[in-house]
Structure formats: structure tokens, C-alpha cells
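Student: Residue-level listing of the chains:
2 protein chains.
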Amino acid sequence: MSYVAPIKEMLFVLKELAGIDEIARLPGFEDADADTARAVLVESAKFCGEVLAPLNAEGDKYPSVFIDGQVRSSPGFKEAFREFAEGGWQSVQHPTGYDGQDLPKSIGTACAEMLHASNMAFALCPMLTDGAIEALLVAGTDQQKKIYLPKLIAGEWTGTMNLTEPQAGSDLALIRTRADPNDDGTYRIFGTKIFITWGEHDMADNIVHLVLARTPDAPEGVKGISLFIVPKYHVNADGSKGARNDVQCVSIEHKLGIKASPTAVLQFGDRGGAIGELVGEMNRGLQYMFIMMNAARFAVGLQGVAIADRAYQLAVSYARERVQSRPVDGTASEAIAIIHHPDVRRMLGTMRALTEGARALAYVTAAHCDMAQRHPESVARLHHQAIYEFLVPIVKGWSTELSIDVASLGVQVHGGMGYIEETGAAQHYRDARILTIYEGTTAIQANDLVGRKTARDGGLVAKKLIQEIALTVEALGSQDGVAFDLMRRHLAQGQRSLETVVNHVLANVQEDPNGVFAGSVPYLKLAGIVLCGWQMARALLAAAGKRNEDPRFYSAKIATAQFFAQHVLPQAVALEAAITSTKGDEGMLVLDEAQF
Amino acid sequence: MSYVAPIKEMLFVLKELAGIDEIARLPGFEDADADTARAVLVESAKFCGEVLAPLNAEGDKYPSVFIDGQVRSSPGFKEAFREFAEGGWQSVQHPTGYDGQDLPKSIGTACAEMLHASNMAFALCPMLTDGAIEALLVAGTDQQKKIYLPKLIAGEWTGTMNLTEPQAGSDLALIRTRADPNDDGTYRIFGTKIFITWGEHDMADNIVHLVLARTPDAPEGVKGISLFIVPKYHVNADGSKGARNDVQCVSIEHKLGIKASPTAVLQFGDRGGAIGELVGEMNRGLQYMFIMMNAARFAVGLQGVAIADRAYQLAVSYARERVQSRPVDGTASEAIAIIHHPDVRRMLGTMRALTEGARALAYVTAAHCDMAQRHPESVARLHHQAIYEFLVPIVKGWSTELSIDVASLGVQVHGGMGYIEETGAAQHYRDARILTIYEGTTAIQANDLVGRKTARDGGLVAKKLIQEIALTVEALGSQDGVAFDLMRRHLAQGQRSLETVVNHVLANVQEDPNGVFAGSVPYLKLAGIVLCGWQMARALLAAAGKRNEDPRFYSAKIATAQFFAQHVLPQAVALEAAITSTKGDEGMLVLDEAQF
Chain A
1 MSYVAPIKEM LFVLKELAGI DEIARLPGFE DADADTARAV LVESAKFCGE
51 VLAPLNAEGD KYPSVFIDGQ VRSSPGFKEA FREFAEGGWQ SVQHPTGYDG
101 QDLPKSIGTA CAEMLHASNM AFALCPMLTD GAIEALLVAG TDQQKKIYLP
151 KLIAGEWTGT MNLTEPQAGS DLALIRTRAD PNDDGTYRIF GTKIFITWGE
201 HDMADNIVHL VLARTPDAPE GVKGISLFIV PKYHVNADGS KGARNDVQCV
251 SIEHKLGIKA SPTAVLQFGD RGGAIGELVG EMNRGLQYMF IMMNAARFAV
301 GLQGVAIADR AYQLAVSYAR ERVQSRPVDG TASEAIAIIH HPDVRRMLGT
351 MRALTEGARA LAYVTAAHCD MAQRHPESVA RLHHQAIYEF LVPIVKGWST
401 ELSIDVASLG VQVHGGMGYI EETGAAQHYR DARILTIYEG TTAIQANDLV
451 GRKTARDGGL VAKKLIQEIA LTVEALGSQD GVAFDLMRRH LAQGQRSLET
501 VVNHVLANVQ EDPNGVFAGS VPYLKLAGIV LCGWQMARAL LAAAGKRNED
551 PRFYSAKIAT AQFFAQHVLP QAVALEAAIT STKGDEGMLV LDEAQF
Chain H
1 MSYVAPIKEM LFVLKELAGI DEIARLPGFE DADADTARAV LVESAKFCGE
51 VLAPLNAEGD KYPSVFIDGQ VRSSPGFKEA FREFAEGGWQ SVQHPTGYDG
101 QDLPKSIGTA CAEMLHASNM AFALCPMLTD GAIEALLVAG TDQQKKIYLP
151 KLIAGEWTGT MNLTEPQAGS DLALIRTRAD PNDDGTYRIF GTKIFITWGE
201 HDMADNIVHL VLARTPDAPE GVKGISLFIV PKYHVNADGS KGARNDVQCV
251 SIEHKLGIKA SPTAVLQFGD RGGAIGELVG EMNRGLQYMF IMMNAARFAV
301 GLQGVAIADR AYQLAVSYAR ERVQSRPVDG TASEAIAIIH HPDVRRMLGT
351 MRALTEGARA LAYVTAAHCD MAQRHPESVA RLHHQAIYEF LVPIVKGWST
401 ELSIDVASLG VQVHGGMGYI EETGAAQHYR DARILTIYEG TTAIQANDLV
451 GRKTARDGGL VAKKLIQEIA LTVEALGSQD GVAFDLMRRH LAQGQRSLET
501 VVNHVLANVQ EDPNGVFAGS VPYLKLAGIV LCGWQMARAL LAAAGKRNED
551 PRFYSAKIAT AQFFAQHVLP QAVALEAAIT STKGDEGMLV LDEAQF
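In order, the protein sequence lines correspond to chains A and H.
1 is the number of the first residue of the first sequence in the working numbering; add one for each residue after it.
1 is the number of the first residue of the second sequence in the working numbering; add one for each residue after it.
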């Protein structure tokens, strides 16, 4: 079955929760109002639904293949990428100065969700290209920007990120790839990079590798890492493509999912050195990466939302068609479509509530990014930037963790058919499984949340958000009805749990780092649950006010918010109990490794 | 990496929790004491570790294949099955009268766990054969038993269960396969059966299909279903193999996992009718199935324990070897093995706590079955039978649900390597995914728990168990220490939640079946969490008493119990909140299907 982008839902979130009207008042975004958003979303939905979605199962069935140092992409992908580029879809969020459309991130986020939902393996290629563009915008010279950005933004060339090495995954301090200076200011790059997404393929004329490496006299550890542009084909001064550079794809991985997306092992410098150019200042490579990393991590979080929605759509479609068993309430004597069975409703409700909550939080996070970049007042920019940075690890960690559960429920709704590959539910379950791993595992996100995002500012941003949640709890109190009662009760409890845990983290992170970091992922999940619950509460308030405008849409939104309050928010208390009772000097944390 | 059966842990559970010494006092089980258990387990561990475990990845890489109506099993499987049969491993729990070893189910359970952990796709074949043996023992004629049982118990022939049809999965009332009587008392079977595990293969000389079908004058629905033996090859009166029967494998499925295990579509009667014999009385097929179903569902629950343990072992092994990042507490300036990182401990702790809790509950359930079958007093037999039947859907549902989470954590511990198929973690994630589906989905187990196991006896058995938990809570109060404090607090809370929910179910199942059944899976999970927590509490008490005998083993057990109390038991409250607040006439349950 195909993918139908939930445009109405997306526009609801953009308007009612992410504040697209406010964003349209920012300098340079004057045209980006709700009408523009709708027009862009409709076009994007059309392209994604018609061109990319049908290729998703094909790409899984016929993965990209490695033949003699080259990668042949899955059938139809090359043509689809051409259409993608010609449609201008690579350019959505990039500056007009390099032929981009310069749309707000909040609108770009909706487009990106569609891309990933329709074909995640495909969408990884433009996603990585976005990363390369960001890196060059942040740190490239004018000449580098002039040469590379128009090609990348036009979708003529694609980009990659080369961080990981066999011994250096989460721990980039262990990077060994070497960059030896040449007399002409370029460098010769030597080393092996692994897990390079779309690191080799046949969809574009050139591939622009951004590579982390060390110069000979660089300090040890993360402070000695620099960033280099290493194109697959050399680029002449006029921007035209030159000879082949000394970077070779030596193999691609046999993966659990996202099989159309080639994951390359790249060998640099086997024939004298791959020629690279330094990007930005020497030894500042990791800092540039960190600037981009928020965008990249956010994008992966969005993949979680996307695949969750795709899995949900497939499950709903099956549940409407599959007839099995009589209703438990005895209202019919014949078997009925399983969508009417209470447990199927519970499963679909769980999938939907988690997905909508995560979508709302992601779009709101994107809106903070827009405000951080364009707000005329610097105080406001800093405020939004801080919130954006606080939310990114949560969007990344929580949306991806839940996407695995949602995809798994999607299999379950299908019963035995879910286990048969042809049905498609299993592909989502396999594809989703990468999301909690790449661009920083959930533990890495949680470390970031504890260290840089909570402890560093003494919980300032965390507590600002907790205060805002309290205001929403108050607002819920002014409304009657079971959905409001349940949401008020459970959001209030969730808010208290979050506050308790933030205080626990602040109080103990110095003295008992092991205990606190053993609770870091539970803290991230708790934050995800409460912040998404908060967005669902805001959605509930908005929906209640507009119920008469579109009763079917808004009553479904209210039901989903109620479900979130009943089934998801109560988990906050359980996480609080685990986090606050964990101490670094006891239990599982002090066993020796042979006791495992 | 290979599989090492956790013999010490298994014996601890058998002795301290399942009461193997008491079982050895039952008539016919006099030899089945702890020493026998140890001897059997050591032999089983050897066979499983050496012969089956190494084939597990092979079977995944080279699935069984369908060629011209026949199935070629994965490389090495045929030879392994021969060894399995010759070692007498099919005969463990079956009667001595048919050349079985007649060991208690509690010991057989440990052996079965090893089989499934070492190679689940392989072990499915003997598991289904066990089912066929049970069916014939329950309902076969003396002649049927005499002909089929020795062959099946010797592992010369294998057995299958043919229930599902394209339109009849969870809902067996929809079965259409037809059985037309012949003059000689046999039947001609016509129909299509799907999802037949090991329904066709080359590992044994004959395959004994047990098939649900309807005779021409049978009542509609489940009351018109009869059970038939339909061997792949006819069997002569002397037990020798005759000509080919009219049952053909027309295809096997392309599945997410357990790829070595062929899942067949069987076509009966394309050439005039497959000859079958009635088993037991006409129209009682489903009743016989229900008798066997407890055993089959229990066995699948055990697969959950098994694959969880295998995934845990693999993750521990990787975590010991993989060096990455410095410790968060600053105790070293170099990168360390990731097993020392707090979040990896949390993941391994979660995997271990869930697995040990599920193992304990499964073995205790098996012990109740032993008591139910052999206790000299009928009152005691009924008591144990009732508890056994109550626990089966929980062992099936909860152990399998957690096995997916555990296998997923196993991938996560591996980071990027977990997503590469060669590592093996992904296979467990794929294999485990079937467990919540076959032999009745988790929803089917939960319906059973609500309807037949809780409501039917007015909560009698449920409340008996709740009282026993209360006694354990009391016992915990007599001990000092953080593990005891945490366990007492959270088990007491879990016990209260379980009681509240049981009362909620009893009070509302008649009036609001939709609301109650929307909470049925959460109820099953709650029961699983609390009952496994109870077993971990009993393990904690036992371990504390024996700590000095083997300090490293018992301190690990205490740490695991503490972890369970902190991280798993608190989830009970969240489930209680979801269950008790769900009503059938509101929210997600009253949306129309187009609103999804």
C-alpha cells in the first residue's frame, strides 16, 4: 500500500502548535505562512506518494549492490533521484543565494517527514547532502561555497559524512584517519571510514565526502580533529568535474534494513593519498560537526516520526480489511473487521498517540530553530536556541525509540501476515531499528541531555519548560470532560516526575555520575513522554476550541490526546522511580564483568 | 559466538523456586531429583551448544528452500536432527510405555529452553512433534498410539499442527477444510492450510499432520471441527511407510526470521482427497486442541525466555570486548570496555532481569503442571492445574513480548555493528518477532486470561496468587538491605495494582466488555511483571540465605532482583492507570474506522 501524507494533521501541528503564523512574521519568512505551507505540503505529498513510496518495498527487495568497486542503486532510484533534484526538493531549506528556497525549518520538517515516510532508504541520501551543505555553510570558504553549494543544492552532486572508523564509533577521540599537508595547501588523506551512508552510488555525478581526520602535528583526542572536503572526483577551479580522487568503496554492509541505502566502507589514500581541502580552521572539525549535529540528529528523530506514521497507515489499512472473530460485546454474530476489536484499537491508539506526540514535539522544535535563526531580537534568539538545543536529543532519542515500538505494533496488528515479508510491515520493523543507533545512540543523546543540556546551565532550560507545562496543566483545568480530566491529572503527574528527576540529576551528577548516567536514558524517555504529552495537551486545547469546524478530525485528535494521557503519560512515574533509586555504588553497577 | 546454557542458574531456579525436590517425591518421578536434573542438563547443554548452536546463523543465512514441491532444509540440519533423535532428545517428557524418558516437565523445560536458545528455527520441529504426540496421547485410539507414538518419540517421524487457513487465523470458527467420510472409516480431506511450521521437509521419513477439518454434516462454527491424522506417506497396518498421501506443499513463506524453519502452505486433496483418520470423537477437535494448547503456548513462552537469554549472552560478550569512550566518573583517561559504562549496564541489567524473571515464572509454571499431573491427592491436582492454566497465557504472552524488547536491546548494545547481519544480534531481533504472534497472539492470550482464567472462576485463582505474593512481601520485610527495601516496596505496590485490576476486570467485564478487553493486554503485562517480580523476590530471599556458599553467583542474583524492583516492577502502576481508566464508550474505542 502506498503512503498518504497526513497533510491536515501536519498543518494542524504547524498552525496550532508550532506557530507558523508567528514564523511568517520573521524577516525573510514573510511568504512562509500557512497558505504557503499548505501549497508546499501538497506538492511534496504528491511527489513522495507517487514517486518515492512505490519504490520503498522495491528497494528492500532489491538492495543496492556492490560490483567491482562501484555501487548500483536499487531499481528506479536513479530516476527518482533525478526527479527529486529537478523538483527542487533538495533546496527547500537552503539559502536563496545558492539557489535554495529558504523556507523555514518548520515547513521543511513536514516535507522531510514525507520523504522519510515514503522511502527512508532513499531519503537518507538527501539528508546526508543537507548535512554536507550545512557544514560548508558553517565553515567553508567563499570559494568552497561557490563551487560546491550550487551543485549540492541542485541535487547534481550528493554529500556524505565520514566520521566512524572501525575503532571509533561513539568515541570520535579514537579517530586515526590522517591528513598530510601538500605544498599547495591541499592535504593527502589516508584511512578507512566505515558506515558511510550513500558513501558510493550511481545516482549523481559526484559525491562530496566530508571527512574527519588528523593532521600530523594535531593534539590527541577530539581536539586534534579537522574537517576536510574529499570529493569522489576532483573538482576543477571552474567547478567542473575532474579526474577520479583516491577514495575507493571497498564493500557495502549486509544490513537488517534500509537495504536500498548503501552503507559503504571507504578507503582513502591507497594510491598515494586522496586529495582533500581543509574546511574551516584546523583542529576545529568536531566543533563544526557539533553545529551540524543538532540538524542531523533532529533529522533522524524525524525519521522516527516518519516511519512510525508509515507503519501506522499500513496497520490501519490491514485492520480495516481483515475480518476475524466476532465482537467481544456480542453486538454481531459474524466475524468483523479487526479494527473494531478493542485490542486492535489499543494497538492503533498506541501507534497513533506516540506518533502524533512525537510529530508535534519535532515540529515545535523546528519552530524554535526558526525563531533562533531569524528572530529580530538577540535575547529571543538565544532563548529559542537554548530550547532548540535542549529538545534535539529528546526528539532524536525518544522519537526513534518509539518508532521501533510502533513498527513492532504494526507487525502485531497484521498477525501472522506481519511476519511475511511481502506484507511490508516487517520492513518498517527492520528499517526503524537503525534509528536509535546512527547519529549517536540513544545513550549518546541521553548523555548530551544530562551533561550539556541539563547540568551545564543548572537546569535553567529544563525548568523553563517545566513551568510552561504547568501553565498548560492550569489551562486544562478550565475545561470539562473526561479527556481534559485525564490529561490534567497525568500531565500534572508527569510534570512533577520530570521536575523531580531534573533536580535529582542536578543534585547528583557531580557526586554520583555513574548512578545518574545509569538513569540517563530513562530520563530522556521521561522527558520525551512528558514533553510529547504536553504537546498533546496543547493539541487537545486547540482541538476543543475548534471542534465544530471539523468534528471528525478534532474528535479523533481529542481521543488520541486522551489515549496518550491514559496509556503513555503514566509511564513517567515508573521511570522516575527507576532513575531516583539508582545509585552508582550498588546493584548492577558494581558487579564485575565476569558476573554478567 | 556460541551458546552456553546457564546451568547453574537453571538449577537454582529448579531447586529454589520450582521445588524440584518436591517434584521428585511424586509417583513416577522418584529418580527426577536435583542430581538427575543436573546430569540431564549437562548432557543437553553439551548437545545444544556443540551441535545446534553453531547451525543457528547458518540456518538464517541459508534458509530452507522450496524446490518442486519439496523442501530442502538448511545445511547441516538433517544431520543435526539425526543426532537429536539418536540422543533421545525428543523423548524427554514422553511416557516410558512408548519409549519415552518420562521426566518431569520442569526438567524438560530446562532442556527445551536450551534447544530454543541454541537454534529456535530447528527446535520448532521437535516442538511441533511434541504437540502431535500430546494430541495422540489425549485422543488417539490404542492402534493410533501404537503406530505413531514410537516413531514420533524416537524422532523418526515428525509432527505438525494444521489449524490456520487464509481466512481463519485467530478465529478458528472460520475453518473450511472438509473431511468426507469413506466407507472404510477413513476420510478424504480437502482444503488449504497455511503457516504450517515444518509442514514439509527432508529431515525425517514421514510427517504426521494433525489437521482440523469439518465433516459434511458438522455444525457451524467451532463446534463442528474435528481432528484428523493425515500422514505425508500412508502408514500400513504394521506401521511401515506406504505410498504418498494426497497432501502437497505448494510453497513456503518468505519470512522476517526463523528462516531455517519452513512455513508451508499445504494443499490437501487436489488428487481425489488426502486420506485421514479421525482422532478422538467427531466435532471435538477444538477441545483436544485446547488441551494441547496449554503445552504449546507454554512452549512458545519458553522460546521467549530462550531467545532472550541467547541475545543477552551475545550482548554481554560484545560489551566485554568493545572498547569505546572513557568512563563517565573519570576513573580512567583511556577508553574502556563498554560493559563498564552505566547505560550499557542498564541495558544488560534490563535484559537479564526480564529474562531471569521470565525463566523463573516458566519453570514454576512447569512445576505446577507436574504437580497437577502426578500429585497423589486430587484436591492438590486440581489446585495446581488451576494455577498452571492461569499462568500459561501469562508465560506465553509476557515472555514473548519481553523477548522482543530484550532482543532489541541486544542490537542496541552492539551499536552500529548490531545492524550488520553478520554480528548475529539482528537475527535474534528478527527471530523473536514471531513469538507474540503464533500459537495465539498476545491479544488471544490476554482474552484467555480475562475470560477463561479470571472471570470464569470469579478471580479465585488470581486472588490466591495475590495472597501468596503478599506473603512474600511480608517475608521481605524481615530482611535488611537496599535490595530488600526496594523489592518490598515495589512488589507490594505491584501486588496492589494487580489486585485492583483483577477487581476491575471482575466488576466490569459483563457490563463493559469493550473497555475491559481494551485493557486485556495491559492486564496480561501487569500480571507478567508482578508475577515475575514475585519470583525475583523469592529468588532474592533464597540467594540472601545462601550468599556465602557462592558469593559471586548470589550477589549477581541479588543485584538482578534489585534491578527488577527498580526498573520493571514500577511499570505496574502505569498499566493499572491505563486499564482502570479505559471505558468502552469513549475515546479511541468509539471513533469510526474512517477516523483512523
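Careful: at least some of the hints might be erroneous.
Since copy identity is lost for identical chains, a pair holds within one copy or between any two.
BS3-like mimics (lysine-lysine), calculated; alpha carbons at most 30 Å apart, straight line [stated by the list, open to error]:
{"hint": "1", "residue 1": "Lys546", "residue 2": "Lys583"}
{"hint": "2", "residue 1": "Lys546", "residue 2": "Lys15"}
{"hint": "3", "residue 1": "Lys8", "residue 2": "Lys583"}
{"hint": "4", "residue 1": "Lys546", "residue 2": "Lys145"}
{"hint": "5", "residue 1": "Lys8", "residue 2": "Lys546"}
{"hint": "6", "residue 1": "Lys583", "residue 2": "Lys46"}
{"hint": "7", "residue 1": "Lys463", "residue 2": "Lys78"}
{"hint": "8", "residue 1": "Lys223", "residue 2": "Lys464"}
{"hint": "9", "residue 1": "Lys464", "residue 2": "Lys145"}
{"hint": "10", "residue 1": "Lys241", "residue 2": "Lys8"}
{"hint": "11", "residue 1": "Lys61", "residue 2": "Lys46"}
I should point out that these hints are in silico values taken from the structure, not numbers from a laboratory.
Student: So which hints don't hold here, by number, going up?
Tutor: 4, 6, 7, 8, 9, 10
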